[in-house]
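Using the sequences plus the hints, can you model the full thing?
There are 2 protein chains.
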Amino acid sequence: MDKRTVGCLGGGQLGRMMVYAAHRLGVRMCVLDPLGEHSPAGQVSELSVKGSFQDAEKIRELASKCDILTLEVEHVNAQVLEELHQKGVPVQPLPFVVKLIQDKYDQKVHLQKHSIPLPDFEKVDSEQQLHSIGEKFGFPMMLKSRFGAYDGRGNAVVANAAAIPTAWKKLGGHDGKKLYVEKWAPFKMELAVMVARGVDETMNVTMRTYPVVHTVQRDSVCFTCLTPPVGVTQKQQELAQKVATDAIKSFDDARGIFGVEMFLLEDGQVLLNEIAPRPHNTGHYTMEACGVDQFEQHLRAVLGLPLGDCNLRVGGAMMVNILGQGETPEMVAKTMAPLRRALRVPDAGIHWYGKEGCVKGRKMGHITVTGFTPASALEEIRPVLKAVDGEGNDSTSIEVPHKSSPSVGIIMGSDSDLPTMKDAAVVLDDFGIPYEISVVSAHRTPEYMYEYATTAEARGINVIIAGAGGAAHLPGMVAALTPLPVVGVPVKSSALSGNDSLLSIVQMPKGIPVATVAIGNAANAGLLAVRILGAANPGMRQKMARFMSSESTMVETKRRKLESEGWQAYLAGSK
Amino acid sequence: MDKRTVGCLGGGQLGRMMVYAAHRLGVRMCVLDPLGEHSPAGQVSELSVKGSFQDAEKIRELASKCDILTLEVEHVNAQVLEELHQKGVPVQPLPFVVKLIQDKYDQKVHLQKHSIPLPDFEKVDSEQQLHSIGEKFGFPMMLKSRFGAYDGRGNAVVANAAAIPTAWKKLGGHDGKKLYVEKWAPFKMELAVMVARGVDETMNVTMRTYPVVHTVQRDSVCFTCLTPPVGVTQKQQELAQKVATDAIKSFDDARGIFGVEMFLLEDGQVLLNEIAPRPHNTGHYTMEACGVDQFEQHLRAVLGLPLGDCNLRVGGAMMVNILGQGETPEMVAKTMAPLRRALRVPDAGIHWYGKEGCVKGRKMGHITVTGFTPASALEEIRPVLKAVDGEGNDSTSIEVPHKSSPSVGIIMGSDSDLPTMKDAAVVLDDFGIPYEISVVSAHRTPEYMYEYATTAEARGINVIIAGAGGAAHLPGMVAALTPLPVVGVPVKSSALSGNDSLLSIVQMPKGIPVATVAIGNAANAGLLAVRILGAANPGMRQKMARFMSSESTMVETKRRKLESEGWQAYLAGSK
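These protein sequence lines map, in sequence, to chains A and B.
Take the position in the first sequence, starting the count at 1, then add 19; the result is the number in the numbering used here.
Take the position in the second sequence, starting the count at 1, then add 19; the result is the number in the numbering used here.
The set of hints was computed from the structure by calculation and includes no laboratory data.
Keep in mind that this is a model prediction, so the values were computed, not measured.
Each hint should be verified, as a subset may be incorrect.
Identical copies look the same in the list; a pair holds intra-copy or inter-copy alike.
Derived DSS-like pairs (lysine-lysine); straight-line CA-CA distance at most 30 Å [unchecked claim]:
| # | residue 1 | residue 2 |
| --- | --- | --- |
| 1 | Lys84 | Lys353 |
| 2 | Lys132 | Lys155 |
| 3 | Lys261 | Lys441 |
| 4 | Lys261 | Lys163 |
| 5 | Lys254 | Lys106 |
| 6 | Lys196 | Lys580 |
| 7 | Lys163 | Lys382 |
| 8 | Lys202 | Lys405 |
| 9 | Lys529 | Lys562 |
| 10 | Lys268 | Lys562 |
| 11 | Lys441 | Lys163 |
| 12 | Lys511 | Lys529 |
| 13 | Lys84 | Lys577 |
This is the structure in structure tokens:
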């Protein structure tokens, strides 16, 4: 479709997945990598150059074969890219951005200038200076290398003043390595957002932002990612997307995709941690979960093609990285185990990177499981996580490194409604739908009701079932505070047999509907929740159809009995 | 993950997409194709052999490099595959199946033996015999080549007795080409189903069946595919899946994926048309729409790995093939136009096959658009179809070759309910949700009500809004006949002000819920339908949240006006 050849500095797994996207678009690629045609990307690209992406000559050779240069790793010779760019070779993202990002301290200074929220940071030139910064920032604090850091390498936590000498030495401060310090960010979770920056037909900037991901590190390497993140409110997610987008906006005229890692603090603040000017591990889930994946989006941005859709096409997705365990046959088998296990998981996307050997700690592949909700993705990926940690562990003991989330919330105004409302739970159990159940009183716990309703969507809830009796305000108030569908159960009251509950729930004003069921009929509320989940889920509809047909059969059995025995025997028998 | 090398006879686009799947699984591939490493699959596979897939020597050379052989085209030298298989080389699907399928007449005889429903067919050895068959089958009838036919080549419609000599000559009957005849199948639609046949860990057969696709041909070549097919009932879809699965069951011990093309007749019968023992054009949609795509599924089946999930992960998907228009620059540009247009379509998957040149009629690529419903996929792909047919055409005049389907059905017991029920339509228009609106009376048109409710799901409807007054049976009866969520609107009655309607709708027995809204409040029914669609659709929830916030703003404006003007002026102003 596009006759240009894209040259990529680096031929690892990010490059490999970029090549697949290039194939689909009909774009040719040439990769520069020390492993050349044997690198993960070189194995599948049309062309390759063998050499270091630091080597000026090799980069020039790559440029001579290509129409435009990009990269899948930022630790490249940015100087040569700048020279080539000056000579008119298109390079995206622009070399100045690559250079800026290579120096984490300069990156932070740039972002601070553009009012991006960051942890406090300061340049440090001596061990002694570190002590005075420690007094200012407090402990623990982070000592970081300005250059060449990735996957936790180049970072050191300084727990207290006594730990300063060790940290200083560990990062090579004594050898003149350039370092800087960051104030400790007391984060609740780490979030990440991919942002694409491209141009439209008239060369005006266009930007697209992917959903927010909750990332979990293990030994400082990305372990799992979950989207949408459970336990992060819609507003917090929008804030994270805004921080990420604002940061990338600051890179004038640069094009491509950017991975933005952030901290979500306990108080809801979002601070930017760092930026990668390329596809990123936290964006792998986009391959199964989004309209256009991060690799195709990067190429579109770099080539000036229209950017694609970033929205989720699924309810939730979780990714887990597969790291090499070592070169022995046992270690190779252990590395492969989660991939083999994933073959038996519905909706698991398996990605093997084709690397030679099985070096311990190296990223060998990844698995993404999508689901109707984040909760179902979490549940489905559990056996794969178990396989990551070895078969010795009991599956139930595997800690999924994200909060799980129920799909339906059952709430009631009082525990006295529970004997009625439990029927909804029984139905959901029968249909295998995860739910949470609680007492939320509109009149006695109005603040909690507000919190419950406004956070339900972010918790991954798809439908709320609310039961109440008498003046029965709960269902309607909750419906006023969430865009989710709310099913109302009028609980039978002693004074008016539930007439009061029914009218309080069903007669909502225009604008805020409550899906009301019969008085005391919480089973029907459960069944309605199943139908609502089935509106966009053929599998769930099939389950409902099977339930309806089993109900038919039950009635037909009774009919046949009555017809064959006669009404007298039937009544006598049912006594 | 799997150290075996898979050899594939044929290196076209099906092979290319099979190689991508092999990469993901960590399996190596070697393809045999006349274009060798320049073939679409050879460009991306680890190994390739240049040669014909009819050439015995070349097939043996391929076998020598591989652990197992498979194919992406059935017109191969099956004799050599049989010999290799005898000598212990694993070949899947088994050579006897490939041979059987190569001869369309033998294929039919085999399927008939296994009670698969087929159009009547008969072997024909002479032009004269064709006349007597014509008298028996009636006209039109289909004259078909037994061997080597594909994409409509090798088929001739015999319109009447006078057309026999031309058809006989066209297919080479006079040159001794082996032909057979099929009785004309008066089909309503052409359907297709992909079926995978593999083995479990104990080598027992396991089978998985993909959803049903509606295929539309243009000039005898697959043009578009839509899934789920609109206008095909759930029972008909299950029948098509059963016919396809039964057919593939008959191929003892063969493994792989099979494309099964069928006719759906006006009376609901399904007849098998033909089978391809490999990935198939009608299964391309599985790449974007299903848990595991047909290419990975084929490799899993062939290699004896666990089969993957076939269920749709989206509400609907439509695929369009991009055929070469010719070699001139204008023709190449015309070929590319739909791909370029697809870049601006959300949820469009673009697949370019990397073929040299742009031969007229050759399959150069395909585009799959997924959507929340088949209707939204149809709507989104419209501009791409327009680009296929050239920019000269008016977009509104492009005929989408499938029925479109509304997402919400609004029905009412009487046209006198329309002034109430129109409010639901207004809301759906505001939210951009396609709907149908009709009068369906439970008491006066019970048969039509039955038909409406039982076919709603297959028509692509996700939610039904039913309004009725007085004895108001419509919502409950419809809910009893569909697994879809039904929203009930009690229409205000003259005798009891809608109290009767409300109780008739809301007080449903256990088992069949109706989501009841306030008396006469059809706007809330529309909003509830939007919330239901949003239960699994974050984009729709965002729209609902925006609506709720605009309602807040409206009330706040009034509040500020009242507070600043005082109540007297406020009331005076609102007169």
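To see whether the hints hold, each was checked on the structure:
no. : hint             : in the structure
1   : Lys84 to Lys353  : between (41 Å within a copy, 28 Å between copies)
2   : Lys132 to Lys155 : within (22 Å within a copy, 86 Å between copies)
3   : Lys261 to Lys441 : neither (42 Å within a copy, 39 Å between copies)
4   : Lys261 to Lys163 : within (26 Å within a copy, 62 Å between copies)
5   : Lys254 to Lys106 : neither (45 Å within a copy, 66 Å between copies)
6   : Lys196 to Lys580 : neither (88 Å within a copy, 65 Å between copies)
7   : Lys163 to Lys382 : within (23 Å within a copy, 54 Å between copies)
8   : Lys202 to Lys405 : neither (35 Å within a copy, 57 Å between copies)
9   : Lys529 to Lys562 : between (33 Å within a copy, 17 Å between copies)
10  : Lys268 to Lys562 : between (47 Å within a copy, 26 Å between copies)
11  : Lys441 to Lys163 : neither (54 Å within a copy, 64 Å between copies)
12  : Lys511 to Lys529 : both (25 Å within a copy, 15 Å between copies)
13  : Lys84 to Lys577  : neither (79 Å within a copy, 66 Å between copies)
When held up to the earlier numbered hints, the structure conflicts with 3, 5, 6, 8, 11 and 13 and fits the remainder.
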